[in-house]
Amino acid sequence: MGLSASPAAPGAAAAAAFTILSQLCGAAFLYVLLKADGSWQVMGLLALLGVGFFLLERFPGIGEFITASLTRVPLVTAATAAIIVLGFPFVVGSNTYILHLLIVAQLYAVLALALNFQLGSANIPNFATGASYGIGAYVSALLALNFGMSFWLTLPIAALAATLFGFIIGIPSMRTRDTYLALVTIAFGVVVQQLLNNFDWTGGPNGLVGIPAPSLFGHSFASPLQVFGWKLPSQANFYYLAAALVVVAVVTAQRLHGSRIGLAWNALRADEIAAKAQGINVAWYKVLAFAVDAFLAAFAGTIYAFYVSYISPDNFTFLVSVTIMTMVIVGGMDNIFGVIVGAFLLTILPEKLRAFSDYRLLFFGVVVIGFLMIRPQGLFPQRLRQYGVHR
Amino acid sequence: MSALLRVENVTMRFGGLVALNDVTFSVKKGSVLAVIGPNGAGKSTLFNVVTGVYKPTAGRMTFDGADITSKPSYEVVRRGIARTFQSSRLFSDLSVLDNVIIGMHTRTKTGVLDALFRPGASRREMAACVEKAEALLQAGSGDLYEQRNRPAGTLAQADRRRLEIARALASQPKLILLDEPSVGMDDKETDALVADIKRLRSGHPELSVILIEHDMRVVGAFPEHVMCIDYGSRIAEGSFETVRANPRVQEAYLGKAAAHA
Ligand SMILES: Nc1ncnc2c1ncn2[C@@H]1O[C@H](COP(=O)(O)OP(=O)(O)OP(=O)(O)O)[C@@H](O)[C@H]1O
Ligand SMILES: [Mg+2]
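Residue numbers (my numbering), protein chains in the order written: chain A, 1 to 391; chain B, 1 to 261.
Keep in mind that the hints are not guaranteed to be accurate.
[Unchecked claim] Just so you have them, the derived chain B footprint on chain A, three or more residues with Cβ under 8 Å:
| hint | region |
| --- | --- |
| 1 | 55-67 |
| 2 | 254-261 |
| 3 | 272-286 |
[Stated by the list, open to error] So the derived list for chain B, only partly shown, Cβ under 7 Å to chain A, looks like this:
| hint | residue |
| --- | --- |
| 4 | R78 |
| 5 | G80 |
| 6 | P119 |
Everything labelled a hint here was simulated from the structure, so no lab data went into it.
Bear in mind that the values here come from a model prediction, so they are computed numbers and not experimental data.
Cβ coordinates follow ideal geometry from the N, Cα and C atoms, glycine included.
Construct the complete structure from the given sequences, taking the supplied hints into account.
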């Protein structure tokens with residue numbers, strides 16, 4: 001490689017090596033973080049992360065180099081990611097607690113990606129994502145319990161029901177904005193939770209119990225997973241299911257982001273009046289963002305219900321919506337990768353901070369604020385679209 | 001010759017303030033109308049009413065044979081009216097290229113389901129947009145094309161104005177409304193702007209232009225059809241020569257005292 005090569009344009013071989021290495025490092029960090037216990041270990045890892053992001057902020061060239069490498073060899077990037085995701089449960093082994101954390105983190109990643117369409121792409125506040133998540137969970141659970149419907153059938157039905165809900169909360173967004181709209185969505189979220197609490201047929205505050213585990217080709221998700229002589233705990237079934245959903249969410253996000261729809265959302269985020277003057281039906285695109293958000297959130301809700309087999313209104317409170325929002329903001333608005341990182345970090349962190357017992361929430365708040373101070377635009381900020389890089 | 005845009009007795013009130021008072025005019029296909037008038041006369045309001053940002057209090061507007069009174073903005077753009085803003089309103093956190101591509105919104109058609117299930121078609125559409133956008137950026141004066149991957153918010157003032165025009169042209173309009181395009185340009189840049197508009201017209205003989213201008217050199221370059229507005233009312237219309245010589249216009253611009261002095 002000549003000296004003239006700019007740091008942001010690595011050669012294909014170098015890029016591939018770097019891509020594999022950096023992703024393995026990321027996976028190793030996640031593994032160590034999941035395994036860590038005791039306050040010193042956790043603090044040390046957080047400090048390491050803090051330094052990493054500080055360097056990213058100070059030297060933007062590093063970030064450019066990394067993204068340039070990853071996009072230079074997209075196939076290698078995808079293949080490495082796939083191997084890491086598929087192989088992770090084998091490394092984790094029989095530690096069901098870690099698998100559980102990973103499943104929840106992946107479901108939150110989907111929820112954060114769902115909200116990202118609104119908050120990130122279009123800058124529409126929505127505090128009702130938790131409610132859409134709950135509607136997905138309840139609709140599918142009710143269908144399974146009352147009509148014996150299979151998981152796979154309830155999945156699309158629950159998503160459609162939540163999408164309808166999304167359209168309904170979207171309607172006020174045509175008339176109200178910003179703070180007022182945020183209030184409207186809070187109201188919707190609270191109303192949904194209260195209704196779930198008060199109806200008889202939703203089980204009231206006790207919720208729904210005994211949601212049957214899904215099965216695929218005769219394999220029940222409640223039984224351990226056997227692969228090539230390896231025996232993985234039953235949680236691994238749901239781990240892979242959740243991973244598949246993350247893939248669906250990422251592909252959805254990428255396709256919408258790369259199309260004129262993503263551009264229209266970005267346009268109305270930047271300047272609504274100018275967006276109208278470009279012929280964008282702003283009201284429709286806002287409602288659409290609500291619908292897409294609810295659609296994906298319902299998928300996550302369905303998997304959650306069938307995973308824990310017991311749901312109650314407490315799982316879908318206003319606080320859940322706030323958590324999802326924090327994930328998007330900390331991770332990086334309108335950055336698919338950032339949002340996923342935000343979801344993982346904010347799911348795993350509170351668990352790891354149990355070591356601080358009474359000061360857990362305080363410490364959690366300090367960490368979130370700390371990250372936002374180091375990276376004010378989110379851990380991985382929104383990037384300009386690049387066209388024809390490979391031309 | 002048939003009129004492309006016909007504005008009939010349009011009045012726009014904001015509470016007690018009459019921003020447009022019974023304004024009537026029309027624009028022929030392929031012609032340029034220059035609109036002049038003192039600050040606060042109602043020129044920008046006229047654009048806002050025509051493009052559906054405001055619903056007129058009274059009056060009627062037709063474009064290309066269809067009634068566009070009270071039609072929403074996106075409908076008006078789809079029918080072929082594009083505009084720029086006086087204080088340029090770019091999508092500042094998006095690239096220059098993306099700004100132009102967004103201008104093609106009404107000429108592209110990928111819906112949610114297409115984007116999700118026919119990614120190839122969606123990608124081809126975007127690729128075609130990129131190509132057209134690059135051509136538009138190369139067409140005007142300045143070096144917008146070289147700056148196409150920068151955030152629009154980082155452009156210099158003159159480039160911002162040029163980008164607004166390129167974005168408006170991206171919708172393949174039949175009528176383009178330019179609100180003081182020369183604001184923030186120096187003499188050289190203004191001359192280049194005039195040349196751009198002239199070149200645009202010779203390339204698209206069907207295209208009509210309404211131009212709001214304070215810079216009389218620009219107005220003088222398009223002298224056939226000039227209209228002067230003062231306090232919301234059309235006070236003069238005709239060639240640049242006759243409008244400029246009109247005592248009411250002079251009064252509006254210089255103030256009553258000066259006109260009588
Ligand atoms: N949305 C609005 N609400 C209330 N008053 C308005 C509104 N828009 C414009 N006006 C008023 O209408 C009048 C005309 O404004 P307009 O912006 O059309 O003037 P203009 O001719 O474009 O002036 P300038 O040359 O300074 O751009 C002004 O008095 C302005 O304050
Ligand atoms: Mg004006």
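Has the region 272-286 of chain A got at least three residues whose CB is nearer than 8 Å to a CB belonging to chain B? holds (count 10)
8 Å C-beta test of the region 55-67 of chain A against chain B, three or more residues: Since three or more residues must qualify, the claim that chain B covers the region 55-67 of chain A is violated, with 0 doing so at under 8 Å.
Satisfaction of the G80 of chain B interface hint, Cβ to chain A closer than 7 Å: Status violated, d = 10 Å.
Does P119 of chain B pass the interface check with chain A, least Cβ-Cβ distance below 7 Å? Result: holds, 5 Å to nearest chain A Cβ.
How about the region 254-261 of chain A: do at least three of its residues have a C-beta closer than 8 Å to a C-beta of chain B? holds (count 6)
The hint names R78 of chain B as touching chain A; please verify it with the least Cβ-Cβ distance against 7 Å. Nearest chain A Cβ about 5 Å off; hint holds.
Checked against the numbered hints above, the structure breaks hints 1, 5 and satisfies the rest.
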